[in-house]
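Trainee: Order-wise, the sequence lines are chains A and B. Take the first sequence: its letters are residues 1 to 161, numbered as in the working numbering. Take the second sequence: its letters are residues 1001 to 1254, numbered as in the working numbering.
If you are wondering where the hints come from, they were derived from the structure by calculation, not from laboratory data. The beta-carbon is built from N, C-alpha and C at its ideal position, and this holds for glycine as well. A hint or two may mislead.
[Stated by the list, open to error] Have a look at the derived ranges for each label pair, beta carbon to beta carbon:
| id | chain 1 | residue 1 | chain 2 | residue 2 | range |
| --- | --- | --- | --- | --- | --- |
| 1 | B | ARG1113 | A | THR88 | 39 to 49 Å |
| 2 | A | ARG87 | B | PHE1184 | 54 to 64 Å |
| 3 | A | SER61 | B | GLY1117 | 56 to 66 Å |
[Said to hold, decoys possible] So, partial list: chain A residues that the calculated Cβ filter (under 7 Å) puts toward chain B:
| id | residue |
| --- | --- |
| 4 | PHE29 |
| 5 | ALA102 |
| 6 | ILE103 |
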Amino acid sequence: MMHEIVSHVAHAPHAVMPLRLLILDDNRFDRERVRRYCARSLLPVICREADSIDAMQRLISRESFDVFVLDYRLPDGNGLAALHLLRTCPETRDAGIVMVTAIPEAAVVQAARRGGCDLFLCKDELSAVCWRDILLELTIDRAQKSSGAGEERWKTKRLLC
Amino acid sequence: MPLKKKDNSGRYIPATNTSSQEFEDFIYLVSHGVRNSVRALIELPQWIVEDLAQAGVRIDGSVAESIELMNRHTGRLDRMLVDLLSFSRIGRMQEVREVELDLVLTEMLEEMRLPSGFTLVPELDANLIAIGERDIRTLLLALVSNAVKHHDRSSGNISLSVFERDEMVCITVSDDGPGIPEKFHEKVFGAMTTLRPRDEVEGSGMGLALVQKIARIYGGQASLGPGIHGRGTSVEVVLPREPDAWADGPQNSR
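With these hints in hand, go ahead and build the complete structure from the sequences.
Mentor: Below, the structure is given as structure tokens:
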């Protein structure tokens, strides 16, 4: 059953605009894990969750997001399909996109990179410290994009923490 | 699955067949499904502790001990699963090519991170060997991590020497740890085998089993010997320098 999950504001102590982050993963534990890492980072982050591509589409039709965290294996497609959808949609094509997977198959990593994925992570190596670094980098990248600094929107790379 | 199939450029690549694909699918499902749950089992106790602390509930005494035991066992479960999966993938699902051992060693040490107090001295008189790119990493990691894990002191010396002899590459990792009594020299190559109580040394007991399987599947052998300056253990792995020197090549094994 596809449904949306209630949002959670991690922390917003400053006047800094919070990072709006959507977690797409059909595994409740993995969504909660990212949400907890966001909270533990003490950075201003607003998390929303979707357990299917369909649920994600309904969310992005109503709200805007800065970052998408995509699981690879999904009930109604896979992370690459979600990536393609986001990169071809005018409202989301400039968002930061992080793909996570339990098994980083080389072919999937390459396809994600070609499809415009900004970061590719292995679930095993994800940690609170690693996630904070990622959020900091995404926050900086968003600020640079807003200020028009540089033509390059994001750097595409594979990151293993 | 024999690895002696060549592609158009003459490189050795895994030969695929139906049973091999089924095996790979099986490995994928186990890796993904089971480890997903193991990951949850590892983190959930920590979340419980965090949430209780946030609610002002103190965790101590037998509750803290039980949570610590839970953490230990799920960590052990995860390590066993990882090592069993590594064991099953030896000789499979990877490209066999000429590798530079110094690069592999550097990457391995970055991944493993030797504990402070331990030094590793490499002596690479030979640097090239044709082997599965994952298997050589598994081999070096198993040898070095074993030398650290089973050491009886907070500091130690490990040496890694590589030289060529009669078209064979000899890789030897030696330490100055407690050593292995000769009567156990055969036993320690068994799967899930440890010589000390499980609660003393956290490990899956698969280290030397991995080493021996890799050695055999590439037509070589592994053996134990004395360590550094009369103390400790050395593990010598002798492997053919080139695939053509293999007797039968890597075989299907489960």
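Trainee: So, for every hint listed, does it hold in this structure?
Mentor: Results for each hint:
The hinted window of 39 to 49 Å between ARG1113 (chain B) and THR88 (chain A) holds, with their beta carbons roughly 41 Å apart. A hinted range of 54 to 64 Å for the beta carbons of ARG87 (chain A) and PHE1184 (chain B) is consistent with their spacing of about 58 Å. Checked against the hint of 56 to 66 Å, the C-beta distance between SER61 (chain A) and GLY1117 (chain B) comes to roughly 57 Å, which is consistent with it. Annotation: PHE29 (chain A) was flagged as interfacial toward chain B, and the flag holds, the nearest CB pair being 4 Å apart, inside 7 Å.
Interface hint at ALA102 (chain A): satisfied, since its Cβ lies 5 Å from the closest Cβ of chain B, which is below the 7 Å cut-off. Because the closest C-beta pair between ILE103 (chain A) and chain B is about 5 Å apart, less than 7 Å, the hint holds.
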